[in-house]
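Trainee: So you can see what is in the structure, the chains are spelled out below.
2 protein chains.
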Amino acid sequence: APADWPSRAVESGAFPDRETYYDSLHEATTAAVRQQVRERERADDQQLVHAVRSMDDARRTANELAERVTEWGQSRFGDDGSGIEYARRVADRDPEDPTEAELVGLAETVVAMDDRADSLRATIEETTPAVAPNLAAMAGPVLAARLISLSGGLEPLAKSTSGTVQLLGAESALFAHLQGNAPSPKHGVIYTHEYVRGTHPDERGSAARALAGKLTIAARVDHYSGERRPELQAELDDRIERIRSRREE
Amino acid sequence: APADWPSRAVESGAFPDRETYYDSLHEATTAAVRQQVRERERADDQQLVHAVRSMDDARRTANELAERVTEWGQSRFGDDGSGIEYARRVADRDPEDPTEAELVGLAETVVAMDDRADSLRATIEETTPAVAPNLAAMAGPVLAARLISLSGGLEPLAKSTSGTVQLLGAESALFAHLQGNAPSPKHGVIYTHEYVRGTHPDERGSAARALAGKLTIAARVDHYSGERRPELQAELDDRIERIRSRREE
Numbered sequence: 008a009p010a011d012w013p014s015r016a017v018e019s020g021a022f023p024d025r026e027t028y029y030d031s032l033h034e035a036t037t038a039a040v041r042q043q044v045r046e047r048e049r050a051d052d053q054q055l056v057h058a059v060r061s062m063d064d065a066r067r068t069a070n071e072l073a074e075r076v077t078e079w080g081q082s083r084f085g086d087d088g089s090g091i092e093y094a095r096r097v098a099d100r101d102p103e104d105p106t107e108a109e110l111v112g113l114a115e116t117v118v119a120m121d122d123r124a125d126s127l128r129a130t131i132e133e134t135t136p137a138v139a140p141n142l143a144a145m146a147g148p149v150l151a152a153r154l155i156s157l158s159g160g161l162e163p164l165a166k167s168t169s170g171t172v173q174l175l176g177a178e179s180a181l182f183a184h185l186q187g188n189a190p191s192p193k194h195g196v197i198y199t200h201e202y203v204r205g206t207h208p209d210e211r212g213s214a215a216r217a218l219a220g221k222l223t224i225a226a227r228v229d230h231y232s233g234e235r236r237p238e239l240q241a242e243l244d245d246r247i248e249r250i251r252s253r254r255e256e
Numbered sequence: 008a009p010a011d012w013p014s015r016a017v018e019s020g021a022f023p024d025r026e027t028y029y030d031s032l033h034e035a036t037t038a039a040v041r042q043q044v045r046e047r048e049r050a051d052d053q054q055l056v057h058a059v060r061s062m063d064d065a066r067r068t069a070n071e072l073a074e075r076v077t078e079w080g081q082s083r084f085g086d087d088g089s090g091i092e093y094a095r096r097v098a099d100r101d102p103e104d105p106t107e108a109e110l111v112g113l114a115e116t117v118v119a120m121d122d123r124a125d126s127l128r129a130t131i132e133e134t135t136p137a138v139a140p141n142l143a144a145m146a147g148p149v150l151a152a153r154l155i156s157l158s159g160g161l162e163p164l165a166k167s168t169s170g171t172v173q174l175l176g177a178e179s180a181l182f183a184h185l186q187g188n189a190p191s192p193k194h195g196v197i198y199t200h201e202y203v204r205g206t207h208p209d210e211r212g213s214a215a216r217a218l219a220g221k222l223t224i225a226a227r228v229d230h231y232s233g234e235r236r237p238e239l240q241a242e243l244d245d246r247i248e249r250i251r252s253r254r255e256e
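Protein sequences appear in the order of chains A and B.
The numbering used here applies: residue 8 is where the first sequence begins, and numbers increase by one.
The numbering used here applies: residue 8 is where the second sequence begins, and numbers increase by one.
Hints should not be assumed to be uniformly reliable.
[To be verified] Looking from chain B toward chain A, a few residues come up when the C-beta cut is under 7 Å (computed): (1) Val40; (2) Ser61; (3) Asp64; (4) Trp79; (5) Gln81; (6) Thr106; (7) Thr116; (8) Arg123.
[What the hints assert, rightly or not] Okay, the calculated bits of chain B under chain A, using three or more residues with CB under 8 Å as the criterion: (9) 51 to 57; (10) 65 to 75.
I should point out that these hints are in silico values taken from the structure, not numbers from a laboratory.
Each residue gets a CB set at the ideal place from its N, CA and C atoms; glycine is no exception.
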């Protein structure tokens, strides 16, 4: 038979009664599980950070090298077009001499790099909701992953102010502003969200502020509790609707 | 029977005699062939320019992305190493989950990019001697191709001064110097030549000047006549030997 730990705990005088013992046990195990979850989350959010940065590097590299393929290809084929689309056409050619084989081979690598960026994006779309369910639902998984990446992880994002979240990704514009060379930026990467981009320019600052506020709460809920809070989305929808309606009055 | 063009030419009064006719004919055909050769050369030297720039882009890109693979890989495998060598090890792994498959896939593309740079280099080594035989023999095919690429072609290189050739590839150092922020650069990419790199620092400026002078002549011979002139190499060898012996007196 298993040892009767509740009785022993009370007999030893460590706890006044069995109820207090069970409460303490529950508290301790919950804390341990929460700690484990948080460590697991940290590991997962860091994988997301690597994936987002790799996706951006792969896409940028593919685009840069596609311009090189375009310049070289046009000197040989006098063909129209540019960028990745052009590199894909060059990659499909049968090379006619060793130099052309190098050009076609380079184009093939460019295509592989662009395909890798697509594949990374698909994996980010799949894994972000597990790491940050509320943030992913509200921002979309790729923007959510980008915010986590720009902060360096979910925990630092959860500890950021709403104003910081609003400007994540606008660091160079903010720096130029602080040096007196530019107007204050209204948004960073959250610009890509429909609620910012799709709002009239005059109200876009308000929309960015409202979105950043809710995203910051979503990140905190994801980090500290992990529960889904669909009402956050409803509150954001209302707020944006009110901001947009100002233009129509 | 073929028409007797020499007689007709003299009879028509276009040429005073058959000898003048043949001289003019020779001159005209030689000029036409030289023109053809030069157009062919221009096409070939431009292919070389594209190949060199592609090689440099592929190598730089592979190195940059290898650093991304290193950061990501170390977060997963806690493994030592860095750069291309590390990316090659990651590319050989069997991925254990979808996120790791992205990492391994990225590493594979990095390896393909580095292999492409190697392959471009081999092709440049094969084709440069046909475009610029004297320059390739004296500078080595890759440095020769790099000088042609930095000038924008064999013709502009042949029309450059020796001082320009000496500093090709040192444009940013030269710019800093002209702005008063740096000492005058002594050499650009010709630094990679054994005759510069292998000479004592005190005499390196003289060695760079001597090498640049002969390379400029080699480029001119390659562009204007295309004949091999091995004595240029012997003259350079003598000159460098004398410069180096100054340190031993």
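Trainee: Does each hint hold? Answer for all of them.
Mentor: Consistency of the hints with the structure:
1. Val40: 23 Å, violated
2. Ser61: 6 Å, holds
3. Asp64: 5 Å, holds
4. Trp79: 4 Å, holds
5. Gln81: Status violated, d = 10 Å.
6. Thr106: 5 Å, holds
7. Thr116: The hint holds - Thr116 (chain B) has a Cβ within 7 Å of chain A, the shortest such distance being about 5 Å.
8. Arg123: With Cβ-Cβ at 5 Å, under 7 Å, it holds.
9. 51 to 57: holds (count 3)
10. 65 to 75: With 5 residues closer than 8 Å to chain A, the stretch 65 to 75 of chain B meets the three-residue bar; holds.
In terms of the numbered hints stated before, the structure departs from hints 1 and 5, listed from lowest to highest.
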